[in-house]
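Residue numbers (the numbering used here), protein chains in the order written: chain A, 1 to 243; chain B, 1001 to 1217; chain C, 2001 to 2220.
One or more of the hints may lead you astray.
[As the list claims (entries may be wrong)] Under 7 Å between C-beta atoms, here's a sample of chain A residues computed to sit facing chain B:
no.: 1; residue: Val10
no.: 2; residue: Gln79
no.: 3; residue: Asn89
no.: 4; residue: Phe91
no.: 5; residue: His93
no.: 6; residue: Ala103
no.: 7; residue: Arg105
no.: 8; residue: Val106
no.: 9; residue: Val107
no.: 10; residue: Ile110
no.: 11; residue: Arg230
[Said to hold, decoys possible] To give an idea of the chain A side of the interface with chain B (calculated C-beta under 10 Å), a few residues:
no.: 12; residue: Arg12
no.: 13; residue: Leu52
no.: 14; residue: Leu77
no.: 15; residue: Arg78
no.: 16; residue: Val81
no.: 17; residue: Gly82
no.: 18; residue: Ile83
no.: 19; residue: Lys108
no.: 20; residue: Ala148
no.: 21; residue: Arg151
no.: 22; residue: Met155
[Said to hold, decoys possible] Ranges of calculated distance between the beta carbons of each label pair, as one might list FRET restraints:
no.: 23; chain 1: A; residue 1: Gly64; chain 2: C; residue 2: Leu2215; range: 51 to 59 Å
no.: 24; chain 1: A; residue 1: Gly8; chain 2: C; residue 2: Arg2118; range: 53 to 61 Å
no.: 25; chain 1: C; residue 1: Leu2203; chain 2: B; residue 2: Val1037; range: 20 to 28 Å
no.: 26; chain 1: B; residue 1: Gly1108; chain 2: C; residue 2: Ile2179; range: 38 to 46 Å
no.: 27; chain 1: A; residue 1: Glu227; chain 2: B; residue 2: Glu1210; range: 51 to 59 Å
no.: 28; chain 1: C; residue 1: Glu2122; chain 2: A; residue 2: Ala69; range: 55 to 63 Å
no.: 29; chain 1: C; residue 1: Ala2200; chain 2: A; residue 2: Gly64; range: 53 to 61 Å
Hints listed in this document are in silico derivations from the structure and should not be mistaken for laboratory results.
This one's a predicted model, so the numbers in the text were calculated from it and none came from an experiment.
Here a beta-carbon is modelled for each residue, glycine too, at the ideal position from N, C-alpha and C.
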Amino acid sequence: MSLVELKGVVKRFGTNTVLDDVSMNVERGEIIAVIGRSGSGKSTMLRCINGLEPVQGGTVVVDGETVSAPGADLRALRQRVGIVFQSYNLFPHLSVEKNITLAPRVVKGIDPGTARELALGVLRRVGLAEKIDAYPDQLSGGQQQRVAIARSLAMQPKLMLFDEITSALDPELTGEVLKVLEQVAAEGMTMILVTHEMGFARRVATRVVFMHQGRIWEEGGAREVLEKPRTPELATFLDAVLH
Amino acid sequence: MIREFAAIDVYYLLLAARWTLALTALAFVGGGLFGIVVALMRVSPFMPLRALGAAYVNVVQGIPLLGWLFVFFFGLPILAGVQVSSWVAATIAFSFYAGAFLGEIWRGCLQAIPRQQWEAGAALGLGFGEQLRHVIVPQAVRVAIPPTVGFLVQLIKNTSLGAVIGFVELTREGQLTNAATYRPFTVYIAVAAIYFAMCFPLTQLSRRLERRLRVAR
Amino acid sequence: MNYRFNFRDIWAQTDFILEGILVTLALTVVTMLSGLVIGTLGAAARVHGPRWLSTMVAAYVEVIRNTPLIVQLFLVFFGLPSAGIRLDAMTASMIALGINLGAYSTEIIRAGLEAIPRTQVEAGRCLGLSGVQVFRHVVLFPAIKVIYPALSSQFVLLMLATSVVSQISAPDLFHVASIIQSRTFRDFEIYAVVSGIYLALALAMKLGFAAIHHLAFGRR
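Bound conformation, chain A alone (with noise of 0.2 Å):
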């Protein structure tokens, strides 16, 4: 059985249908990049993979769990499913610890000690263990982001999603977020990524996907998707973003 498994999954905001029969089928160890325009469905897809925006037609099964039914048990899927956001939502009144802490304590029922050990833990694995203490506002964006990370990480989850997490970074930042999430990626976890950075696509993608006005329009390996378009929509899109 696949990790995710999307089926038909219509999406509007009220008159405008943003995913119009969209399926596909994420495989465990998988590294998913969605690429398309924006406005083409691609953030929203993510977001309704974890239950974040309903759905108005199809099915989402995300680890065996039907998202898109009525009484799905979202809180214990978000154990297993973590996002990154965009703006990395911080909480900015807690410190890179508290952060990273809060749902292993709440959640999960961890004891600080044995939580403080756990975010170290994730926070070498970003390359951010002595900013444990610190606070966001004291952190640059680039460094922000990798504590979201490593927030997600701290749930150990069975699959990541991570929503144009380097589109709000100066570019100069972004290499350092970047290089964590090919690490993450070499450890093993399923990863969906909607991304502008090509590059790192190509690099660590196993399978691309193309979606243009909230359908899949293309997938495929990451070479061939990137190197060899077969509809004209990719070929437009390809040649204004690599430019």
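The hints should help you fit chains B and C onto chain A, whose structure is shown.
Frame of chain A; chains B and C shown alone:
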């Protein structure tokens, strides 16, 4: 017999100001309790709770404070079956009234916290109550302090109407002093000055807190 | 609860109640107008006036906003006669309410004027518009849009606050209530009914202001 307005009268006015502050404190605590409940009701995911909270606020804010004072003053004895002192009537009426305003202020502060903070909490698996407790309320409290201090000023001024139901605070004491000395201008200037001395520092504090909050964001 | 509610005595006084409503509304309208005038002048003084005038207006606003309305009312009605100015209850009410609303309006209008970014005014000037033209076309309409919600809420608050003039026996709705109380001894009922009337008036005012807002500022 008319007597002269003397320093002793100012002293009595100051003593009466104590009751103004006491009533304000009681109303603030009582109103605070009502206010927390109302604010939480208005941001809850349950429609009936939200509607009830909204009804409470709109009804309370749509009736003059004098109206509420008299409704409680004459209504409480009917409910309780026994005479109610002006202290009790005033405290309950002011708490009830303040609760609506504090509830509105605090609701605004809760809603001022960006949606992404709720999402970040939810995405980590926190439930509604946990999100409120660990993520939203701590941030909202910081934002709430300046307008809450500003509301204290309103509350102090509002207690002046307690005089109308016989509660002896600063304004009532002023009326009594005026009856004894027939010096309305002097008496009420003194009364106004004492209110100003109580309110103005709080107004300034509220402004300073708000400036500091804006700088910090 | 042994109390027997009796509203019939109150329905018998409907004409009297109506008079009270009219007085309350009249006071509200007159005060809104005078408050607007004072507020506009005060805001202009604060934003564009010379230093000494701005400070005086600021002082006026601070004094009014940090003292209770009822005390201001007593000062005008009971205090002024000491200086030789004797006023009837209605006139004193209008003066006290006007001065009070004027202070709050000054602040609201000032905030509205200051909300227009300087860059807008510069742009207008660079297009060749004169100062007055800039004010009229660039500042006024957006400023009114900003001011409108705060000012209309203040007006509703004002209508409710007019109840305080009952304490100097001005014949407003609340004073009518106390007279009916002394005639019928139906304490709770009369104040409950009158409170309900205020609530209806407040609702009507809010709806009216919302309608005007929609007409004036609705989607073009």
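Against the structure, the hints:
no. : hint                                : in the structure
1   : Val10                               : 22 Å, violated
2   : Gln79                               : 4 Å, holds
3   : Asn89                               : 4 Å, holds
4   : Phe91                               : 6 Å, holds
5   : His93                               : 5 Å, holds
6   : Ala103                              : 4 Å, holds
7   : Arg105                              : 9 Å, violated
8   : Val106                              : 5 Å, holds
9   : Val107                              : 5 Å, holds
10  : Ile110                              : 13 Å, violated
11  : Arg230                              : 35 Å, violated
12  : Arg12                               : 20 Å, violated
13  : Leu52                               : 6 Å, holds
14  : Leu77                               : 8 Å, holds
15  : Arg78                               : 4 Å, holds
16  : Val81                               : 8 Å, holds
17  : Gly82                               : 7 Å, holds
18  : Ile83                               : 5 Å, holds
19  : Lys108                              : 8 Å, holds
20  : Ala148                              : 8 Å, holds
21  : Arg151                              : 7 Å, holds
22  : Met155                              : 7 Å, holds
23  : Gly64(A) / Leu2215(C): 51 to 59 Å   : 56 Å, holds
24  : Gly8(A) / Arg2118(C): 53 to 61 Å    : 54 Å, holds
25  : Leu2203(C) / Val1037(B): 20 to 28 Å : 24 Å, holds
26  : Gly1108(B) / Ile2179(C): 38 to 46 Å : 40 Å, holds
27  : Glu227(A) / Glu1210(B): 51 to 59 Å  : 57 Å, holds
28  : Glu2122(C) / Ala69(A): 55 to 63 Å   : 57 Å, holds
29  : Ala2200(C) / Gly64(A): 53 to 61 Å   : 57 Å, holds
Violation of the numbered hints given earlier is confined to hints 1, 7, 10, 11 and 12; the remaining hints are satisfied by the structure.
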